[in-house]
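Chemist: Respectively, the protein sequence lines represent chains A and B.
Position one of the first sequence corresponds to residue 1 (the numbering used here), numbered consecutively onward.
Position one of the second sequence corresponds to residue 1 (the numbering used here), numbered consecutively onward.
Hint data in this document are derived by calculation from the structure and do not stem from the laboratory.
In this text, a Cβ means the ideal position worked out from N, Cα and C, and glycines have one as well.
Warning: the hint list may mix true and false statements.
[Stated by the list, open to error] If you want the footprint, here are the derived chain A segments under chain B, 3+ residues with CB under 8 Å:
1) 32-46
2) 99-107
[What the hints assert, rightly or not] Keeping only pairs whose Cα atoms sit at most 25 Å apart, straight-line, the calculated DMTMM-like set for lysine to aspartate or glutamate is:
3) K9/B x E62/B
4) K45/A x D59/B
5) K79/A x E72/B
6) K45/A x E24/B
7) K42/A x D59/B
8) K45/A x D30/B
9) K42/A x D54/B
10) K9/B x D39/A
11) K57/B x E3/A
[Stated by the list, open to error] Facing chain B, according to a computed beta carbon distance under 10 Å, are these residues of chain A, among others:
12) K2
13) Q6
14) G16
15) S49
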Amino acid sequence: RKEVEQDPGPFNVPEGATVAFNCTYSNSASQSFFWYRQDCRKEPKLLMSVYSSGNEDGRFTAQLNRASQYISLLIRDSKLSDSATYLCVARGNAGNMLTFGGGTRLMVKP
Amino acid sequence: DGGITQSPKYLFRKEGQNVTLSCEQNLNHDAMYWYRQDPGQGLRLIYYSQIVNDFQKGDIAEGYSVSREKKESFPLTVTSAQKNPTAFYLCASGTRLTDTQYFGPGTRLTVL
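Produce the entire structure from the sequences given, and follow the hints as far as they go.
Modeler: Here is the structure:
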């Protein structure tokens, strides 16, 4: 079983739609979680950190459920520019190591 | 401009040759990391370094080597022992006290 699992997609949604991605992690000792965005053939860029209380940044909302060991990302009012691969990331408790999921590909269509 | 630079952006090498990928950062970060990404897959950790003159193996270190002689620089050598070297290589850096890692633009290595 992979340490961080994501549905690879692609998720094809129309502009303006709301879309949600889930990610599960297997290491219950994981301390921090993040969503990164990666455009085609580019480096990942930090989208947002995920806090236990949930956090929101504009159209993006991230949630953490420690009991069920999953993280979610909600994107409201999707834009064409949101088309990318979204990487779910968990950090363990040694050496600041990050474990990456395989990514979920989002395609927003006009 | 502060940031992480990697060079070259594209690299082609013949099978059996060693090749060194450059990674430089001017963010004053203590920690630096090398990842490999294969098509449709997540990033896998090759090596990391928390301080100068010290580095640790990641999950897939076989066939790779690194050095950390300066805080700003963390070059990765892909040796001929690496069986499938063609991949997208990403360097990252971060402070020791925070969680966030920032990535360079990557080097796409193709072995012919």
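Chemist: Would the hint on S49/A be counted as holding, given a Cβ-Cβ threshold of 10 Å to chain B?
Modeler: holds, 7 Å
Chemist: Taking only the CA atoms, is the gap from K45/A to D30/B under or equal to 25 Å?
Modeler: holds, 19 Å
Chemist: Holds or violated: are the alpha carbons of K9/B and D39/A at most 25 Å from each other?
Modeler: holds, 16 Å
Chemist: So if I understand the rule, the pair passes when the alpha-carbon distance is 25 Å or less; does K42/A with D54/B pass?
Modeler: With Cα atoms ~29 Å apart, K42/A and D54/B exceed 25 Å; violated.
Chemist: Within 25 Å, alpha carbon to alpha carbon, are K9/B and E62/B?
Modeler: holds, 23 Å
Chemist: Let's test the interface hint: is any C-beta of chain B closer than 10 Å to that of Q6/A?
Modeler: holds, 8 Å
Chemist: Would the pair K45/A and E24/B pass a check requiring their Cα atoms to be no farther apart than 25 Å?
Modeler: holds, 17 Å
Chemist: Are three or more residues of the region 99-107 of chain A within 8 Å, CB to CB, of chain B?
Modeler: holds (count 4)
Chemist: Taken at face value, is the distance from the CA of E72/B to the CA of K79/A at most 25 Å?
Modeler: violated, 37 Å
Chemist: Holds or violated: is there a CB of chain B closer than 10 Å to the CB of K2/A?
Modeler: holds, 8 Å
Chemist: For K57/B and E3/A, compute the direct alpha-carbon distance and say whether it is at most 25 Å.
Modeler: holds, 18 Å
Chemist: Can G16/A be said to touch chain B, with a Cβ gap under 10 Å?
Modeler: violated, 28 Å
Comparing the model with each numbered hint stated earlier shows that hints 5, 9 and 14 do not hold.
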